[in-house]
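J.: Just need the whole structure built from these sequences, with the hints factored in.
Quick mapping for you: the protein sequence lines, in order, are chains A and B.
If you use our numbering, the first sequence corresponds to residues 1 to 302, in order.
If you use our numbering, the second sequence corresponds to residues 1 to 302, in order.
Treat the hints as calculated values from the structure; they're not laboratory data.
Only a predicted model underlies this, so the values are computations on that prediction, with no experimental measurement involved.
Mixed in with the good hints there might be a few duds.
DEER-style ranges, computed between Cβ atoms [as the list claims (entries may be wrong)]:
#, chain 1, residue 1, chain 2, residue 2, range
1, A, Arg18, B, Asp137, 47 to 55 Å
2, A, Gly64, B, Gln191, 41 to 49 Å
3, B, Gly194, A, Arg83, 37 to 45 Å
Quick list of in silico lysine to any residue cross-link-like pairs, SDA-like style, CA-CA up to 25 Å [unchecked claim]:
#, chain 1, residue 1, chain 2, residue 2
4, A, Lys202, B, Gly214
5, A, Lys163, A, Gly248
6, B, Lys202, A, Gly179
A short, non-exhaustive set of chain B residues, derived as facing chain A with CB atoms under 10 Å [claimed, not checked]:
#, residue
7, Met88
8, Ala187
9, Met300
10, Thr301
Note that beta-carbon positions come from the ideal geometry of N, C-alpha and C, so glycine has one too.
2 protein chains.
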Amino acid sequence: MSILVVGSVAYDTVATVRETRDRQLGGSASFFALAASRFAPVRVVGVVGDDFRQEDLDLLARHGIDTSGIERCAGATFHWSGRYHHDMIERDTLATDLGVFADFSPQLPAGWEHTPYLLLANIHPSLQLQVLDSMHDPKLVVLDTMNLWIETSRAELLAVLAKVDVLLVNDSEARLLTGCTGLNEAALAIQALGPPRVVIKKGEHGALYFGSSGTLAVPAILLPDVVDPTGAGDTFAGGFMGWLADRGVDRHSDDVEFRRAMIAGSAVASFCPQAFSVEALIDLDRAALDARMATLTAMMTP
Amino acid sequence: MSILVVGSVAYDTVATVRETRDRQLGGSASFFALAASRFAPVRVVGVVGDDFRQEDLDLLARHGIDTSGIERCAGATFHWSGRYHHDMIERDTLATDLGVFADFSPQLPAGWEHTPYLLLANIHPSLQLQVLDSMHDPKLVVLDTMNLWIETSRAELLAVLAKVDVLLVNDSEARLLTGCTGLNEAALAIQALGPPRVVIKKGEHGALYFGSSGTLAVPAILLPDVVDPTGAGDTFAGGFMGWLADRGVDRHSDDVEFRRAMIAGSAVASFCPQAFSVEALIDLDRAALDARMATLTAMMTP
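T.: Right, here's the structure in full:
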């Protein structure tokens, strides 16, 4: 079943110790869509400027991603520029040029309000709420956010949080949102704010799932090398949601497929840092993905 | 079956944001022995000064630990003093007073050379080798080390590494020892230096086991709070080795019990940071330990 994602479609300039890549395809919706499309059809709602390359739209379309919800406006595409430290984890943001994204008001193409799966990627919580309210009875809604909105738009974030089924954040965001040091306590505090299911991502250390069945800890695939970790979290979200959509899971389902979805998320996310931008997600072979899911399952077997 | 541990028996002065504790029982052998004694009899070889409190020896003895290999010399007990940062992970060493430990030459009480399990805790690799060479055909030898010896005594460390069955290190030590960024590559490089089994500890993120059966990732118990993480790595080693000794595992055994031992290590280690010094390991209830092993197993079940 189809997934609708609303988020950024952007250009990233990424500097690492070894190499710099200028204005490559990025943005939360791009990473998410390429990952999720390995499992289920994906529809993207976003905005790009008149500088956006047709070849990048074609790339998404070639993966079965419906790009008709990506509005093209006069102006520049959202551009993020950052430099990674030697550890390939810490990074400095060099520039954030919002461009046409500054006035983004998500518009759903006719009929898209009936899409059963909704991923509210990391945009202003008021826009997330606007999209959520325009949907017609989705089966499952997953929310992502970031420290910026936790710090500057907490009230709006709490309003949307109260209406979603799953929150997906990283460990520092979970702590910032709740004030809890312990991640178990942070997850309980988030559940008290609305979503009965919480995913806490920990980068190279894997991810945690908190649901009705208790806690699941999924490791990350051990990579020989990290080329560019940008977008790995959004890629995780894509694998997670893609798995659930493929299985037809809804908010009333038990935890079984959510736990499997964590492994799918970790497996897809493991490809992302192995190349710049979305490169490692292009034409990603399902057999290679299945092999990494099997590796993760073996790593978790006592 | 019995375990012999050679390592430091020390006093630690630990400062945290909340509280400072002066000259509490510490040292790798103390943490290891208290953890391992939950599973198997333990013999300690070490040295203390004339300031060492009888009550601390009594505490170890009360846990079934044979302290007759702890030599008492004129001078001061090894004293480490450190201050933890707010994150309770980073720490600054304020003082390292070796005292009688500076001239430590491990002496085994008569008959101890036949102890089947040997844990070479974190002391100079030449002393580790001296103890190893004095043993009579141990069933299993596990080695711990630290960045200091990797940097200053690499040749001696490599000599002892070539003769042991398992190396137990943390992630930064594994990288420093091998020059590999990826932990899988680091483990392979360590295996090429001797030990066919490698454990890489990652603190709050759990631990990895690399053996003939492939890789196992064991999470850490999610704690609400960290009071004092000092000794958690040695406590992990104690649970790991204790489990193996209890099961009578030797170097020719398959990986099954080694994988279970990882869970035992993680479970015991989870108690350590919940109180200062060895406090949380005193009279540690086996039922509470079993409960944490069950929690970890559940966290690993997809």
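J.: Hint by hint, note whether the structure agrees.
T.: Do the hints match the structure? See the list:
1. In this structure the supplied range 47 to 55 Å holds for arginine 18 (chain A) paired with aspartate 137 (chain B), their Cβ-Cβ distance being about 49 Å.
2. For glycine 64 (chain A) and glutamine 191 (chain B), the hinted distance range of 41 to 49 Å is satisfied, since their beta carbons lie about 43 Å from each other.
3. Range check, glycine 194 (chain B) to arginine 83 (chain A): about 40 Å between beta-carbon atoms, so the 37 to 45 Å window is met.
4. A threshold of 25 Å between alpha carbons decides the hint, and for lysine 202 (chain A) with glycine 214 (chain B) the separation of about 23 Å falls inside it, so the pair holds.
5. With a C-alpha separation of about 20 Å, the suggested pair lysine 163 (chain A) and glycine 248 (chain A) falls inside the 25 Å cut-off, and the hint holds.
6. For the given pair, lysine 202 (chain B) sits about 24 Å from glycine 179 (chain A) by alpha-carbon distance, which is consistent with the 25 Å threshold.
7. Look at methionine 88 (chain B): its Cβ gets to within about 8 Å of chain A, closer than 10 Å, so that hint holds up.
8. For the restraint placing alanine 187 (chain B) at the interface with chain A, the shortest Cβ-Cβ distance is roughly 9 Å, inside the 10 Å limit, so the hint holds.
9. Interface hint at methionine 300 (chain B): satisfied, since its Cβ lies 5 Å from the closest Cβ of chain A, which is below the 10 Å cut-off.
10. Annotation: threonine 301 (chain B) was flagged as interfacial toward chain A, and the flag holds, the nearest CB pair being 7 Å apart, inside 10 Å.
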